[in-house]
Amino acid sequence: MELFNIFIKAAFIENLVLAYFLGMCSYLAVSKTVTTAFGLGLAVIFVLGITMPINWLISELLLSENGIFGMDLTFLRFILFIAVIASMVQLVEMIVEKVSPALYTSLGIFLPLITVNCAILGGSLFMVAREYNFTESIAFGLGGGFGWFLAIIAIAAIREKIRYSNVPPALRGLGMAFILTGLMGIAFMSLMGIDPSALTAGK
Amino acid sequence: MAETTATTTEVTVKEKEPLFGKAEKKLLLDPLGDTNPITIQVLGICSALAVTSLVYPSVVMAIAVVFVCGFSSLFTSLVRNKIPKQVRMIVQLVIIATLVTIVELTLKRFNYPIYKQLSVYIGLIITNCIVMGRLEAYAMANRPWRAFVDGLGNGVGYGVILIIVAVIREIFGKGTLFAGSPIQINIIGASNAEVGYLINTAAESGIGSLFAGYTNNNLMVLPAAAMFIIGILIWIQRTYRPTLVDVS
Numbered sequence: 002m003e004l005f006n007i008f009i010k011a012a013f014i015e016n017l018v019l020a021y022f023l024g025m026c027s028y029l030a031v032s033k034t035v036t037t038a039f040g041l042g043l044a045v046i047f048v049l050g051i052t053m054p055i056n057w058l059i060s061e062l063l064l065s066e067n068g069i070f071g072m073d074l075t076f077l078r079f080i081l082f083i084a085v086i087a088s089m090v091q092l093v094e095m096i097v098e099k100v101s102p103a104l105y106t107s108l109g110i111f112l113p114l115i116t117v118n119c120a121i122l123g124g125s126l127f128m129v130a131r132e133y134n135f136t137e138s139i140a141f142g143l144g145g146g147f148g149w150f151l152a153i154i155a156i157a158a159i160r161e162k163i164r165y166s167n168v169p170p171a172l173r174g175l176g177m178a179f180i181l182t183g184l185m186g187i188a189f190m191s192l193m194g195i196d197p198s199a200l201t202a203g204k
Numbered sequence: 462m463a464e465t466t467a468t469t470t471e472v473t474v475k476e477k478e479p480l481f482g483k484a485e486k487k488l489l490l491d492p493l494g495d496t497n498p499i500t501i502q503v504l505g506i507c508s509a510l511a512v513t514s515l516v517y518p519s520v521v522m523a524i525a526v527v528f529v530c531g532f533s534s535l536f537t538s539l540v541r542n543k544i545p546k547q548v549r550m551i552v553q554l555v556i557i558a559t560l561v562t563i564v565e566l567t568l569k570r571f572n573y574p575i576y577k578q579l580s581v582y583i584g585l586i587i588t589n590c591i592v593m594g595r596l597e598a599y600a601m602a603n604r605p606w607r608a609f610v611d612g613l614g615n616g617v618g619y620g621v622i623l624i625i626v627a628v629i630r631e632i633f634g635k636g637t638l639f640a641g642s643p644i645q646i647n648i649i650g651a652s653n654a655e656v657g658y659l660i661n662t663a664a665e666s667g668i669g670s671l672f673a674g675y676t677n678n679n680l681m682v683l684p685a686a687a688m689f690i691i692g693i694l695i696w697i698q699r700t701y702r703p704t705l706v707d708v709s
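Going down the list, the protein sequences come from chains A and B.
Those letters in the first sequence? Residues 2 to 204, per the working numbering, in order.
Those letters in the second sequence? Residues 462 to 709, per the working numbering, in order.
Hints are computed from structural coordinates only; laboratory data are not their basis.
For glycine and all other residues, C-beta sits at the position ideal for the given N, C-alpha and C.
Hints are supplied without guarantee of correctness; some may be wrong.
[Claimed, not checked] Coverage of chain A stretches by chain B, computed from C-beta distances (three or more under 8 Å per stretch; other residues unrestricted):
| id | stretch |
| --- | --- |
| 1 | 21-31 |
| 2 | 83-92 |
| 3 | 114-126 |
| 4 | 141-148 |
| 5 | 179-192 |
Start from the sequences and build out the full structure, keeping to the hints where you can.
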């Protein structure tokens, strides 16, 4: 149940996009239509769910003082994390291409983009800062990815509709997307009152 | 550092061009307005908006980004002809990650409170799209000195927006400027930045007493306020430059 709490918290209460502004670049660039947003969202869930446990293993087994090398190598963290993310994205791209060419063509362009999606590296850094254990890091990765997925689908749906509204010309497009994200952020803040541990405490 | 300066001057002297001519000036100043990284290119919003609730960390963040952006452009441009095309992303990321590690360790040594406050956002400069974006778009195809100036210009253009947003948010959200730094100024409302946004006590001294009745605006402390302010900045800029309006 502890894992469930972490998942809910990462997805709704501490949403990576709306509470921490992570992954804003691709969030704004790829949210013009729901279909592409859906594809990118799925890819992000996938990559976050994979890289998080791998980066956990790296930081615990290689970089920490109790690791294989027996010394504090945390200054190498950034380089190793980003290398893992870049190679994982490459790997995912290759696997998807082999297993499901249809999914690959629909995701194709967005997969390499994920390397520079701040949400992925940010998730790994948060995981280290919050000292999650191995299973918790998986739950956090999936939850964070799911939250990102929800946010990009929501903004894409709103942007598809708002194209027919009478927005001031100078505010059209990006300006409006910013303000919408702000409003969504406030809406998500109302979820802050939820205490996931209280939901499960009664059982 | 001395080595790199030598290389850049050598290149420019060979070309018989002024070290800082018109082209360089354009590279440096354009990102402040017409090609601003945040309001026009909309790159690099990810890593830094959350730090803009106070001015002091934003200034530190801006300096860090200018440093990383400038020097990563310089180094990438120096090795640009030796990088195979397939692995260029990895090479660029390693260069950026190394520079960010330098920034992180420097901050940790010389300003620990700020290091704690910025926490993961320092590391996130690596995935700041503006750094990668400039490397891909400019540094991979241009000479080191130009690339360096371009990187600096974009870093500054980014930092300026960061600081504008932070000034607005801090004044209205906490009633102070530069809270946490040695030169903290109390502008309006409460004088204590710590209790500032919860209870509005009358200001004790300084300019603050003029507006002692002001209640701090909690909205400005929320992350959402940064989105609104940037949205409004984009609105203002595009009202005066209708050519920048996007059609979709």
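We went through each hint and held it up to the structure:
no.	hint	verdict
1	21-31	holds (count 8)
2	83-92	holds (count 3)
3	114-126	holds (count 9)
4	141-148	violated (count 0)
5	179-192	holds (count 8)
Against the hints set out earlier in the document, a violation occurs for number 4 only.
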